[in-house]
Amino acid sequence: MDLSQYAELFLAESREHLSACNQLLLEWERHPASPEPVGGIFRAVHTIKGMAATMGYGRVADLAHRMENLLDHLRRGGKSPGEDTLQLLFRATDALEKAVGLAVAGRERELDVAAILADLDRAGAKEPTAPAAASPPRAAASLAAPSGSGRLVSVTIRPEAPLKGGRAMLIVRKVQSLGVIQRMQPAAAAFESDDFDGQFVFELDSAADARDIEAAIRSMGDVERVTVGDEEEHVTPAESVAAGGGGSGAGGGRSRHIRVDLRRLDTLMDLIGELVTARGRLNELAARWVGQDPVIDEVAIQISRLSADLQNEIIQARMTPVWQVFDRFPRLVRDVARQLGKQVAFRVEGKEIELDREILDELGDPLVHLLRNAVDHGIEPPAERKRAKKDAEGEIVLTAVRERSSVAISIADDGRGIDRSRILAKAKREGIVGPHVESLSDDQLLRVLARPGFSTAEAVTALSGRGVGIDVAMTRIRALGGSIEIRTEPGKGTTFVLRLPVTLAIVRALIAAVGLERYALPLTYVAETVELGTTPMTKMEGREAMVLRDRVVPLVDLRELLGTNGGSPPPPPRRPVIVLEMGERRAGIVVDGMLSQQEIVVKGFDAPRGTLPVFSGATIMGDGVPALILDAAGLV
Amino acid sequence: MSHTVLVCDDAIFMRTMITDILAQAGFEVVGEAETGSQAVEKYRQLKPDLVTMDIVMPDMGGIDAVREIVKQDPDAKILMCSAMGQQALVVEAIQAGAKDFVVKPFQPSRVLEAVQRVLG
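As given, the protein sequences belong to chains A and B, one line each in that order.
Just add 19 to wherever you are in the first sequence, counting from 1, and you've got this note's numbering.
Just add 1128 to wherever you are in the second sequence, counting from 1, and you've got this note's numbering.
Keep in mind the hints are simulated off the structure, nothing from the lab.
Cβ atoms here follow ideal geometry from the backbone N, Cα and C, with glycine treated the same way.
Do not take every clue at face value.
Claimed, not checked - Which chain A residues face chain B? A few, computed with CB under 10 Å, are given here:
(1) A31
(2) E32
(3) E35
(4) G59
(5) H65
(6) T66
(7) A71
(8) A80
(9) K183
(10) A207
(11) I236
(12) G240
(13) L287
(14) P340
(15) W342
(16) F348
Just chain A, with the same shape it has in the complex (with noise of 0.2 Å):
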């Protein structure tokens, strides 16, 4: 049988039961009265050992057996966990968890898990063993002369049979199906025991042939010898039992899932991008071509509503619900606190809200820096928010919420905030910011605090501080098409939001004219358009700006940003706006008119040297000519 084609499904299932492991262990350690998870780490723990042995991962399955040896004492002790079993667990469950990712690379070899073997033996010992049913004495199957008109029964298990007091269990229940058993050495309760070997002998009362009781023996299966009363043993052929219920190997199964390899996915995206891309192409030649045969406009739009199912139906495909990157989340914070003495609260919502799995997948590590920082930046050591009269123990929530076209994922402690005076001082003095600067608005303090190398910290701690962080985190999220806003307010906390687009390869963009080229700008942070002198002008910070519904929103001429190319026509006279909506801030991107709504199909862009931050990829449009794909968050 081929293995390795189930070593995928392994992994994975593998990863879910160890990701339920560190939850338990994570609720176990704050309620070490509770009886329920130490069942359920058993439960997780032993489907792994199952598995891996299945697998053929010897090392994987040991290791997983000794950690459910030890959770089944503690299971059946009922006692309260230590602190250095809970330590012993957590640290079992990563060395499970490296075991089994070398286990699939095929590299289980390299595994080095003597240490972590003997801890959980050691500890095994140690706990209190409940008192178990009194191990029966190893009996000799043997029986005096039969009492009454019974007939004595011996039966041998073969020595490589497996469970053989299962199989003796078995045996016994067919045998009573023939007649009455009278009396039986080792009793019954032995089957329960490891130590049983297989042997065992009782007094049948039955009318039935002696062939036909031994045959029915057999027929359980693993039976080495019979014999009934003096007869002697009967050889019978060598059990030949044909694999297969009858039809051919045509399968029948029948399963409403099946699992697919994730870069198919990708491909199929790929696929649909081209299709979406050939699809524009064709609606403009329809455009041109309707006047001559009406009948390849209706081609067209049939085209263009089947390729847009189709690309839907990917999109969902792709879909993953955010608990999948989040659930290893809390054994984090958990670390971080320890790690720095803090007690924190870790909560998080909206775990079955759906992203990209592109996004997800990229998502991780920007989100593992914000949490690090709100652990170490964010919550105070329990003394100091005892004297600020809060809570000993802090509160982080990580919140997912979809809206719109997008979804915003907030991390939010009830810290002490981010002490803006310091930020400010150090702005000046760094000339990020003007003299004359006396406050700073979120908005400006999250560009100063995303600058690369500006560090907050007081202490520059191994775990985060170093001014990587924020700065990392928001080249990512923006990559992405996303964005971070910062909301903090001393002694009360601080909340990060990211917003990002929910799928990344197909986005639905207006496509504007600056000079001769082309522009796309993602719909998802359009807010509205109007037409440039419309409203009244002002000035803001020294830029044009314009005032709309008495909020001043500052203008981005993209002619002069971006420059136009020699013989450009000039600009028109009544040139559109385009207002960029992303959280709290606004921009107005001034162009010279605007072309049509559409999809685009995003590709990824390695920008020159010396390009202005404000391209997040390229779009091939429908006449087969490129134009670039403007970033709303470097522009606002």
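For chain A, the structure is supplied; the task is to place chain B on it using the hints.
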């Protein structure tokens, strides 16, 4: 007509493997259950010829599920899937009415032997 099977195990991995083994031998896996209570419910709905039952499952364990199913249908044909070291549990399952057992890691030939025995 091929025999119908209900596969009960909390691990997709195990369900997939058992389903593959049985399907290749011409059985028709008509349902899957992840917990003991699902197993009981699906048995009621599907009336399969055979049930494969894991012992350790969340919610309701395999042995309790065997008891429930046998209560509904004393002729239910249930094959326990156990791990090494579960001697006592297997004995208990058989007393509860399971007809046979196989031990993980599964060898397809042993699984099919046991299935044949159970189906008689």
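Restraint satisfaction for G59 of chain A [CB to CB of chain B, less than 10 Å]: holds (7 Å)
Interface restraint verdict for K183 of chain A against chain B (beta-carbon cut-off 10 Å): Holds. Min distance 8 Å.
Hint check: 10 Å Cβ-Cβ cutoff, A207 of chain A to chain B: holds (8 Å)
Interface hint outcome for E35 of chain A [beta carbon to chain B under 10 Å]: holds (9 Å)
Cut-off 10 Å, beta-carbon criterion: hint that G240 of chain A touches chain B: holds (6 Å)
H65 of chain A as an interface hint toward chain B, with CB separation required under 10 Å: Given a least distance of 5 Å, the restraint on H65 of chain A holds.
Minimum beta-carbon distance criterion (10 Å), A31 of chain A to chain B: Holds, because the Cβ-Cβ distance from A31 of chain A to chain B comes to roughly 8 Å (cut-off 10 Å).
Interface hint compliance - T66 of chain A to chain B, C-beta minimum distance less than 10 Å: Hint on T66 of chain A: holds, closest Cβ of chain B at ~5 Å, below 10 Å.
Hint check, L287 of chain A versus chain B [nearest Cβ-Cβ separation less than 10 Å]: violated (23 Å)
Restraint outcome when W342 of chain A is required to lie within 10 Å of chain B by C-beta distance: Violated. Min distance 17 Å.
Hint validity - I236 of chain A Cβ closer than 10 Å to any chain B Cβ: violated (12 Å)
Minimum beta-carbon distance criterion (10 Å), A71 of chain A to chain B: This hint holds: A71 of chain A lies near chain B, its Cβ roughly 9 Å from the closest one there, short of 10 Å.
Hint compliance for this structure: hints 11, 13, 14, 15 and 16 are not met, and every other hint is.
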